[in-house]
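Q: With chain X fixed as given, assemble chain A onto it according to the hints.
Protein chains: 2
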Amino acid sequence: MKIEIITIGNELLSGKTINSNTQYISKTLLKFGYRTHFASVYPDEKKELENGIKAALKRADLLIITGGLGPTIDDNTKEIVTNLLKIDLKFSGDIASDIEKRFGQIASLQEQSTIPKSGFVFKNEVGTAPGFAFLHYGKALILLPGVPVELEDMFEKHAMVFIQKHFPIKEKIYQEIINICLLAEIKIDALLKTIQLPDDITLGIYPSYGFVQVSITTKALNKMEATKKISDIKNQIALEFAEYIYISEDGKIERALHDLLIKKEEKIAFAESCTGGALSAKIVKLSDSSKYFLGSFITYSNELKKNILKVSEKTLLDHGAVSLPTVKEMIKGVFDLTDATYAIAVSGIAGPGGATEEKPIGTISLAVAKRGDEIDAGFLHLKGSLKGSRSSIIESSANIAFGILYRKIAHNLNYFEK
Amino acid sequence: MKIEIITIGNELLSGKTINSNTQYISKTLLKFGYRTHFASVYPDEKKELENGIKAALKRADLLIITGGLGPTIDDNTKEIVTNLLKIDLKFSGDIASDIEKRFGQIASLQEQSTIPKSGFVFKNEVGTAPGFAFLHYGKALILLPGVPVELEDMFEKHAMVFIQKHFPIKEKIYQEIINICLLAEIKIDALLKTIQLPDDITLGIYPSYGFVQVSITTKALNKMEATKKISDIKNQIALEFAEYIYISEDGKIERALHDLLIKKEEKIAFAESCTGGALSAKIVKLSDSSKYFLGSFITYSNELKKNILKVSEKTLLDHGAVSLPTVKEMIKGVFDLTDATYAIAVSGIAGPGGATEEKPIGTISLAVAKRGDEIDAGFLHLKGSLKGSRSSIIESSANIAFGILYRKIAHNLNYFEK
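Chains as they are written, first to last, in my numbering: chain X, 5 to 422; chain A, 5 to 422.
Excised from the complex, chain X in its bound form:
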């Protein structure tokens, strides 16, 4: 069975909007064991979209089409698909009264309440455009609104139920992700290459800023069989990288740290210079972070490093703001000003300005500490990508700092060599 996702909209073809709907749908399908074979994007033009849907009907068994269900002149999906399938339209009093109840007498009421005479209707509980599904000579078409919150609400509630009913699958795809922090892709790759893989298991390696994800994919009748199938491979990887692996439902290291801090009832606070609040912002994005996160001192200027964190003038003069003595004094400042049991301090050259021969762009001084213990401090030498180097250096610094703190709390290990 082959699935094609079709998204519609000039804004997706002008680069204005990134195609997050395709990502959401394919991710959700995979969660339920379905694999997406094709994805395509068409402009808001009737003829092009019609041809695209025809082509998709030839190569795919299930078409998931998002967008073009609204009331404006650009919205052609309902018309094109019902024409293709030769289905008439009718007015639905039920949908009209539901929309009216929620939005009042809106101008698009008539249009949004006009639905195909046959097929399935998915209620839109967020916006106004209902979704539809049609069975057509052993194939199926699902039409969904393009607004992400409306699509997402409708997809799991209605579309996934329809798909599972009409395309039940025996052998599902199962994928497990292993998250690894603080290790370079090349080291992990070297191990993966030595693993003997059975035919029905594939490995993937996905490096990101400061962490790497390894995927193990297989097909199985159920979760239990899948777990059994991949357990051997998983154990080999887990054993090799034990102290670098973190458990995180969304793959992010701050999520792992968040869960661990809540469990261990520790408190954290940061002092950030070059990352400028990126560490704090990542933590505060997670709900319940108030249980352990006290705050952060974004001492971007040297004046604030001195006045707030009490980094000494002499340290800044002798060693510079990007130095181990500076980040160690920043840690001390955090412990003095808060009740945190753990602290992170970071000061570095994110570029493009500020670099010297001795401290090029990507030189980051980082300190991670448990109150009362010796401070674990050292330098990172990050390369950053060609473009957006500043952002990628900040992103990597944050993830590495979290990795070091996670490892310290979970395994009581230092990261930097003495």
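Just so you know, not all the hints are guaranteed correct.
Note that the list lumps identical chains together, so a pair holds whenever it fits in one copy or between two copies.
With a cut-off of at most 25 angstroms between alpha-carbon atoms, the simulated DSS-like pairs for lysine-lysine come out as follows [as the list claims (entries may be wrong)]:
(1) Lys363 / Lys295
(2) Lys58 / Lys6
(3) Lys412 / Lys223
(4) Lys268 / Lys336
(5) Lys62 / Lys50
(6) Lys90 / Lys105
(7) Lys169 / Lys223
(8) Lys51 / Lys223
(9) Lys387 / Lys20
(10) Lys20 / Lys233
(11) Lys51 / Lys6
(12) Lys20 / Lys238
(13) Lys62 / Lys6
(14) Lys20 / Lys6
(15) Lys387 / Lys105
(16) Lys332 / Lys363
Hints were generated in silico from the structure; no laboratory data involved.
A: Only chain A this time, still in chain X's reference frame:
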């Protein structure tokens, strides 16, 4: 002339990776006046990709294919395209010695230095896989590496030059974006609907978190003609929303604020609670922000609000952390602790916890001030989307705060009613 972007990779069809290459390419093409007609994604499977390229050759004149040029077993693009076009491969000593110079004797040297006997070769100055271009019966195919930094480096340097040479365009597409902060989409939309549009001008409206972008698109022979064509429409919009419009090369309000602060030589600092460093992190992402950004106090806990910013115990008890007296005292704390000439303080309920009947999720107390002037403070009532409501509330709060500060510095206007 029709352009199709083809991206390749199972990770794009499993939702693992978002398709940023399609966005980058279509955006860059538009910058040079070219419109993308189709975009499609294929798995790492020879047959599917081959069929996809064949289908694209039928409907498009220019195919831009990214990915699948590496040395591994998954990388089939070079082979498929040269087979289709009946072009033999040869070893290139030039490319081999260039790769060797930069990366040494790598295992993939032979494979990456094997290139088509005819066509055009684009040097990869970042990684190892060169790009290629072919002319084929009036159509063209461009093959580029899938790694974003390699693609981006090669695209403007080589691919765009090739495209402009072989597909020169007379009438180019020009698009101008008007950025509007602090106004709801519905207000802007109401005005846009009253504007009489000539046939060859289209308007688009794109709401985001805390700001709205309006696009004016037309076709013209050159920039001057385009500017003239759209000037009337642009002026109508500009006149109506003058004090809400900001100039920003990337559309972001913090970029506009950044440029304004550097120009005016002002200094800023923040006190953040619910946004947890999001304001600071956005500012520090911009290089040269050290010229005006002093730092931020992320006083997430009430203890830090009291100990660092000197918010009084009584204020917190009487009014709560989310209140106008609290954010006003936070502003005072910022001015006392720094030399900032402007300050922002924000404290709110980002959810999902912490809400009360009186202060539901999305209630944000916000203060923006110029040193010495009365503090401009008030509440925002943000809805947030269904999912990810916490992130969207933080994002909106940050953008609205920046909008208020921008408007204050640029036009000396208060935002909140007295």
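Q: Next step is simple, just say for each hint if it's right about the structure.
A: The hints, checked one at a time:
1. Proximity of lysine 363 and lysine 295 under a CA criterion of 25 angstroms is satisfied inter-copy only: 20 angstroms between copies versus 37 angstroms inside one chain copy.
2. Taking the closest pair of Cα atoms, lysine 58 and lysine 6 come within 25 angstroms of each other both inside a single copy (15 angstroms) and across two copies (19 angstroms).
3. For the homomeric pair lysine 412 and lysine 223, neither the shortest alpha-carbon distance inside one copy (37 angstroms) nor that between copies (59 angstroms) is at most 25 angstroms.
4. For a Cα distance limit of 25 angstroms, the shortest separation of lysine 268 from lysine 336 inside one copy, 22 angstroms, qualifies, whereas the shortest one across copies, 36 angstroms, does not.
5. Taking identical chains as interchangeable, the C-alpha atoms of lysine 62 and lysine 50 lie at most 25 angstroms apart whether they share a chain (19 angstroms) or sit on different chains (18 angstroms).
6. Taking identical chains as interchangeable, the C-alpha atoms of lysine 90 and lysine 105 are never at most 25 angstroms apart, the minima being 32 angstroms within one chain and 63 angstroms between chains.
7. With identical chains, the CA atoms of lysine 169 and lysine 223 are at most 25 angstroms apart within one copy only, with a shortest distance of 20 angstroms there and 48 angstroms across copies.
8. Taking CA atoms no more than 25 angstroms apart as the test, lysine 51 paired with lysine 223 passes between copies only; the shortest distance there is 21 angstroms, against 39 angstroms inside one copy.
9. Within a single copy, lysine 387 and lysine 20 get their C-alpha atoms only as close as 29 angstroms, which misses the 25 angstroms cut-off; across copies the closest is 24 angstroms, which meets it.
10. Taking identical chains as interchangeable, the C-alpha atoms of lysine 20 and lysine 233 lie at most 25 angstroms apart only when they sit on different chains, with a minimum of 22 angstroms there against 43 angstroms within one chain.
11. In this assembly of identical chains, lysine 51 and lysine 6 lie within 25 angstroms of each other by CA distance both inside one copy and across copies; the values are 24 angstroms within and 14 angstroms between.
12. For a Cα distance limit of 25 angstroms, the shortest separation of lysine 20 from lysine 238 across copies, 19 angstroms, qualifies, whereas the shortest one inside one copy, 40 angstroms, does not.
13. In this assembly of identical chains, lysine 62 and lysine 6 lie within 25 angstroms of each other by CA distance both inside one copy and across copies; the values are 11 angstroms within and 22 angstroms between.
14. In the homo-oligomer, the alpha carbons of lysine 20 and lysine 6 lie at most 25 angstroms apart only across protomers (19 angstroms), although the nearest pairing inside one protomer, at 29 angstroms, exceeds that limit.
15. Taking CA atoms no more than 25 angstroms apart as the test, lysine 387 paired with lysine 105 passes between copies only; the shortest distance there is 19 angstroms, against 56 angstroms inside one copy.
16. With identical chains, the CA atoms of lysine 332 and lysine 363 are at most 25 angstroms apart within one copy only, with a shortest distance of 18 angstroms there and 40 angstroms across copies.
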